[in-house]
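K.L.:
Okay, here's what each chain looks like letter by letter:
There are 2 protein chains.
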Amino acid sequence: MDIESLAEKVASGDRRSLSRAITLIESGRADHRKQAVALMERLATRPEAPQALRIGLSGTPGVGKSTFIEAFGMMLTGQGLRVAVLAVDPSSARSGGSILGDKTRMEQLSRDPNAFIRPSPSQTQLGGVARRSREAVALCEAAGFDVVLIETVGVGQSETMVSEMADLFLLLLAPAGGDELQGVKRGIMEMADMILINKADGDLKATATRTCADYAGALRLLRKRPQDPDGFPKAMTVSAVEHTGLEKAWEEMQALTDWRRTSGHFDGRRAEQARYWFREDVKNGLLARLDTSEARGDMARLAEAVAVGDMTATGAAQEMLSKIGG
Amino acid sequence: MDIESLAEKVASGDRRSLSRAITLIESGRADHRKQAVALMERLATRPEAPQALRIGLSGTPGVGKSTFIEAFGMMLTGQGLRVAVLAVDPSSARSGGSILGDKTRMEQLSRDPNAFIRPSPSQTQLGGVARRSREAVALCEAAGFDVVLIETVGVGQSETMVSEMADLFLLLLAPAGGDELQGVKRGIMEMADMILINKADGDLKATATRTCADYAGALRLLRKRPQDPDGFPKAMTVSAVEHTGLEKAWEEMQALTDWRRTSGHFDGRRAEQARYWFREDVKNGLLARLDTSEARGDMARLAEAVAVGDMTATGAAQEMLSKIGG
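Listed in order, the protein sequences are those of chains A and B.
If you count the first sequence from 1, position 213 lands on 226 in the numbering used here, and the numbers rise without skipping.
If you count the second sequence from 1, position 236 lands on 249 in the numbering used here, and the numbers rise without skipping.
If you're looking for bench data, these hints aren't it; they were derived computationally from the structure.
Bear in mind the structure is a predicted one, so any value in this text is a computation, not a measurement.
Check the hints yourself; a few may be wrong.
Chain copies aren't distinguished; within one or between two, either way the pair holds.
[As the list claims (entries may be wrong)] Straight line, CA to CA, 30 Å or less: simulated DSBU-like cross-link-like pairs of lysine-lysine:
hint : residue 1 : residue 2
1    : 261       : 218
2    : 237       : 198
3    : 47        : 296
4    : 296       : 336
Using the sequences and the accompanying hints, generate a full structural model.
P.N.:
Laid out in structure tokens, this is it:
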């Protein structure tokens with residue numbers, strides 16, 4: 014594969030080349046990996062590389078996430094913006110499934126020439142999901158998309174992962190009674206820059222307004238973050254079906270982003286994220302040395318020797334470590 | 014140091030040699046580590062190595078843990094058993110403090126010739142606390158102690174660590190109103206084989222009985238474990254001050270242990286723990302390669318190159334991994 018020409022086509026915004034590039038970074042083959050690293054370096058070190066707004070979006074099934082992304086994405090493309098949608102689903106690494114298995118969930122957006130939708134990679138190793146997702150985000154950014162939406166499921170670990178690759182983190186919730194407020198983990202609440210209560214329409218409108226007030230109250234109890242202006246994190250109601258509240262939510266996101274850019278927190282956070290991913294990559298790379306078929310065989314054999322008492326865990330670990338070398 | 018003679022003295026039950034052996038395994042020096050591994054291998058692979066009952070004990074400050082250990086330990090030595098008490102406190106790795114800083118908290122037990130009390134090692138690295146604690150348990154076992162009590166604080170991570178090195182896990186609680194029941198994390202509840210409500214004496218006796226009933230109810234809601242007979246996990250009241258309920262609790266512990274020995278779950282669990290610690294040791298050993306002063310310097314330099322955008326996280330990680338070798 015000609016990496017130089019692929020990089021140029023990705024940088025020109027060609028969606029088919031972007032797809033090919035993402036397939037390349039998702040590959041587990043060693044020669045593909047080498048090409049992928051070269052591609053990423055080439056794109057990242059261009060002068061004047063474009064910068065997208067990276068928006069993480071989490072929400073449990075049933076809150077209307079696909080409908081929201083379709084409506085929100087169409088609103089953005091309607092304003093002349095180019096929008097990429099990526100899904101990050103670590104659970105699909107085990108199940109082989111995908112939360113964006115096909116594009117039929119976002120029929121309109123998938124036909125929009127200013128939009129790009131990419132399902133979660135399936136059958137990759139858990140540690141690899143993070144790196145591949147992060148590289149896919151960087152590729153979309155290099156391809157000149159203005160907004161990259163990174164969708165994930167509400168299971169905790171994936172939220173942390175996505176918030177470490179996003180500039181903004183949105184939590185999408187459904188209208189609910191007061192008791193159900195407890196269902197959102199405090200850790201996820203603390204990651205959110207904005208909580209959007211979807212389905213604020215029809216019979217659910219009043220409930221949505223109450224739920225929004227409840228969360229606004231809960232957010233006020235959290236420690237204010239130094240990188241945020243007054244009023245953030247913020248709770249708002251939206252209706253993806255009736256297309257209400259979406260422009261308002263987008264304005265708030267832009268206001269928050271502008272504030273962070275001016276204060277230097279935007280760039281500071283990106284630098285911090287880059288350091289974080291570097292350290293994670295090193296750790297995962299080290300642990301991947303246990304993931305060759307030879308190492309797995311040694312591990313299994315030594316673990317059995319330890320289990321039956323022929324060796325101590327410490328002694329067996331030393332033997333294993335000397336085999337791996339370094 | 015003559016490792017062969019130290020191993021013999023430890024195996025003969027000499028408490029001073031046991032202390033010296035534990036100091037050796039706690040040392041961070043490379044030559045000490047080598048000797049420690051040799052010592053552990055030597056003791057572990059003896060024919061007819063004795064086996065202790067390893068009891069993990071957790072409880073937040075204020076529940077009367079020291080008083081309980083002193084009373085429970087004295088009861089055991091009164092029955093002719095030899096008892097070792099170890100403390101595991103990962104937080105002391107940071108603070109340099111220790112939850113068993115001196116033996117004055119257990120004045121009687123510390124003077125008992127059939128007891129051995131060892132405070133938590135201080136100023137060790139977090140990952141190292143687990144390995145050192147586990148090796149200290151094995152040394153006490155090799156020294157012929159019948160019961161090894163492993164005390165920890167109620168902070169979650171250390172409970173998991175201790176339950177992975179114990180045959181039985183006890184949770185010690187104080188009498189409390191119904192609202193406070195929520196304070197015990199579900200994960201810690203699920204680890205417990207027995208919950209002991211301490212301070213069932215004087216004014217608190219009635220409250221202790223009610224608290225015990227509450228926890229008994231909560232335990233029944235947990236999934237029954239296949240390795241347990243009916244009635245376990247179990248909640249009981251004790252009074253460390255009045256020495257009541259301790260014999261009963263010990264009888265229940267023995268009954269549970271006998272049941273697990275007969276069913277094979279006792280040995281099965283030990284084998285599973287050995288495999289677990291082997292894998293943990295290998296992982297920690299790999300990650301320790303990042304903990305040399307040279308590696309720390311390389312990491313810092315590359316992290317900065319990534320943060321300012323001169324390198325991608327992926328590329329910098331590859332450079333770092335090739336430096337570490339392997």
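K.L.:
Hint by hint, note whether the structure agrees.
P.N.:
Hints, verified against the model:
{"no.": "1", "hint": "261 to 218", "verdict": "within (17 Å within a copy, 59 Å between copies)"}
{"no.": "2", "hint": "237 to 198", "verdict": "both (18 Å within a copy, 27 Å between copies)"}
{"no.": "3", "hint": "47 to 296", "verdict": "both (19 Å within a copy, 26 Å between copies)"}
{"no.": "4", "hint": "296 to 336", "verdict": "both (18 Å within a copy, 13 Å between copies)"}
Going through the hint list in order, the structure satisfies each hint without exception.
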